[in-house]
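> Sequence:
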Amino acid sequence: MSQSRIALVVLFFAALLVPVAPAHAASTVLCTTYTGCSNQGYSHAGYASAKGTSYWGMYTGTNCTNYVAYRLITTNGLSTKRPAPGVGNARDWGTAMASVTNATPAVGAVAWWGKTGNHVAYIEKVVSSSEIWVSESNWSGAFDWRKITKSGGGWPDGIIHFTPPAPVSSTQPAIVGSPTVGAAVTASTGTWNPAPASFQYQWMLDGAPLTGATAKTYTPTPVTAYRNLTVQVSGIRTGSATVRAVSPPAVVAPGTLTASRRPVVTGTAKIGQRLSATGGTWSRTDVALTYQWFSGANSIAGATSATYAAQAADVGQPLTVRVTASRAGFTPATSTSASTASVAGGTLVRRSGPSVTGTPRVGAPLTASPGTWSPAATTTFQWYADGRAVAGATAQTFRPTARERRATITVRVTARRAGYTSATATSAATSAVGTGRIDVAKGPRIAGSPSAGAVLTIDPGTYSPANASVRYQWMRDGKAISGATSRTRKVSPGDVGRRLSATVTYKVSGYSARTVTTAAARRTRSAATLSVKATSPAAGRVALTIRVKGAGGVVPTGSVSVVDPAGRTRTAKLVKGRTVLTVTGQPTGRQTYRITYGGSSTVATGTKTKSATVR
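Residue numbering for the sequence shown follows my numbering, starting at 666 and increasing by one per position.
Any given hint might turn out to be false.
[Claimed, not checked] As a list, the in silico DSS-like pairs of lysine-lysine whose alpha-carbon atoms are at most 27 Å apart: (1) Lys1198 to Lys1144; (2) Lys1241 to Lys1214; (3) Lys1155 to Lys1107; (4) Lys815 to Lys716; (5) Lys746 to Lys780; (6) Lys1107 to Lys1144; (7) Lys812 to Lys790; (8) Lys780 to Lys815; (9) Lys1273 to Lys1241; (10) Lys1214 to Lys1198; (11) Lys1198 to Lys1275; (12) Lys1107 to Lys1172; (13) Lys1155 to Lys1198.
FYI, nobody ran anything at the bench for these hints, they're computed from the structure. Model, not experiment: these values are computed from the prediction.
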């Protein structure tokens, strides 16, 4: 017989073996039709779309054997090859699979009616040993779900376990413990029916698998902080499909850092000394450390490194350092060192001593160099004469007075800096203070016009020290005038024709006296007296008789000049103080003439006008 005819015969007999309807039992229909069951939450596992395909060589469409074969392949993971030759007509399934057929219901097993009917169904739920729920596709009938109980008959003739029933998670897995970065948590598998032979685990972060996190325990890493952690538990049973269940999510809390040993401060608590801090010992070695130093209870601005040099404001206060440990995924933690002793004041170190520059004499300035100090300090000064403090002498410069004459001078420098103990140092002594020198910045001079009878005054000029006494001596042609020691002098007849000058002597205690001579005044002259007699001896002619006298009977020499009304000038020399000068070419009538004496070494110049009637 050809292979095609054999196939037709097989199909013919298979068709005869498919039951028209399932065996009746004490049951309740929970839903019917593919759509009706789906709407009520009862699944057909996609068979409505797959019923056109033959599974295990069964008839396609709505029938019990093709539906159950579909479920065993797609849900239980069985091969697409029929497991035994006798598995064809529903009535023969239990006989053909007698080795795996018993009376114990299980999810994923097949309910078989081979003695009381010709039907198979897929067990969806085992409520108890006397109640099961099945899904079934009936020959030329509807798809439905039924609840079947043992009472009243109709209980399956056997339960065929093609594969061990898949484990079912009846209680959701859970994470045991509060997920915290750095602290291990454990997966609770929940409860299963039937119990899996073993479990597999996959930890998940925000729903995505964590690479390598497949153990029952898991230690959250910093990247998981503040995110949702779940664990997926897979129930493994040989021959059954793997079933997976996922725990409720739990938010991973940041880890906790703890210090097993507090920070330690080393060094001397003293101004100018640098102290160092260790970071302490922490529960993790990969932490980042930051520092904050405290003076007493107050934080020190900017003191955030592992070392700190005590400042002036710290004197009398203990120092501590607070270390903060940080790590991604962990809550920062702090630990504070023990307090140091109260900070002591620092010590100023003199690198070079003070010195005095200048010439030690009365009135001359001496200047103190403070020397150099470490660290830099402010300095004050006190001057000493022969080891005794000079009252008020506290500036950097000092001018010795007459009181300090012949004494040696030193300066004591006191260095101060906030937070440090003040220090002093004294310079080497100068030589003995010598006599001072009076300084005449602007020399004396004679003020006034040096003419007979005039009063001349000596201006003593500008001198230092200003309290110096001043004495005067008038000089005539460089020789002292007896008794002429006043500041002023009335020019006497004896001074006429002479050059007057003066010496000014300055004196003050502790200084050498100083005498300065003024510049000589120009020669002293007497005033000139002119007398003029005018006559007109002839037409157009005027004769002027001119006589010049000096005070005290001095007979002047020199010449006189006459300016006529036309502006013309005539000059004539004096002979024994007299001359006659005739002016010609004058217009008739009353005319005025200007006569001028040019002066001499003893007589000053003089001028006079004279009128005359010209014929």
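> Run the distance test for Lys1241 versus Lys1214: straight-line Cα separation, threshold 27 Å.
holds, 9 Å
> Taken at face value, is the distance from the CA of Lys1172 to the CA of Lys1107 at most 27 Å?
Cα-Cα ~16 Å, so holds.
> Has the given pair, Lys1107 with Lys1144, been kept, meaning a C-alpha gap of at most 27 Å?
Roughly 24 Å between the alpha carbons, so the hint for Lys1107 and Lys1144 holds.
> Does the alpha-carbon distance linking Lys1214 and Lys1198 stay inside the 27 Å limit?
Holds, at about 15 Å.
> Is the hinted pair Lys780 and Lys815 satisfied, with a Cα-Cα distance of at most 27 Å?
Roughly 16 Å separates the two Cα atoms, so the pair holds.
> Need the status of pair Lys746, Lys780: alpha-carbon distance at most 27 Å?
Distance of about 26 Å is within 27 Å: holds.
> Has the given pair, Lys1155 with Lys1198, been kept, meaning a C-alpha gap of at most 27 Å?
Answer violated: Lys1155 to Lys1198 is near 34 Å, above 27 Å.
> Given the hint that Lys1155 pairs with Lys1107, does the C-alpha gap stay at or below 27 Å?
holds, 25 Å
> Given the proposed pairing of Lys815 with Lys716, does the C-alpha separation stay at or below 27 Å?
Cα-Cα ~31 Å, so violated.
> Given the hint that Lys812 pairs with Lys790, test it: the Cα-Cα distance must not exceed 27 Å.
Status holds; Cα separation ~9 Å.
> Is Lys1198 within 27 Å of Lys1144, Cα to Cα?
Violated, because 43 Å separates the two Cα atoms, which is more than 27 Å.
> Compare the distance between the alpha carbons of Lys1198 and Lys1275 with 27 Å, and conclude whether the hinted pair is satisfied.
With Cα atoms ~8 Å apart, Lys1198 and Lys1275 stay inside 27 Å; holds.
In this structure, the earlier hints numbered 1, 4 and 13 are contradicted, and the remaining ones agree with it.
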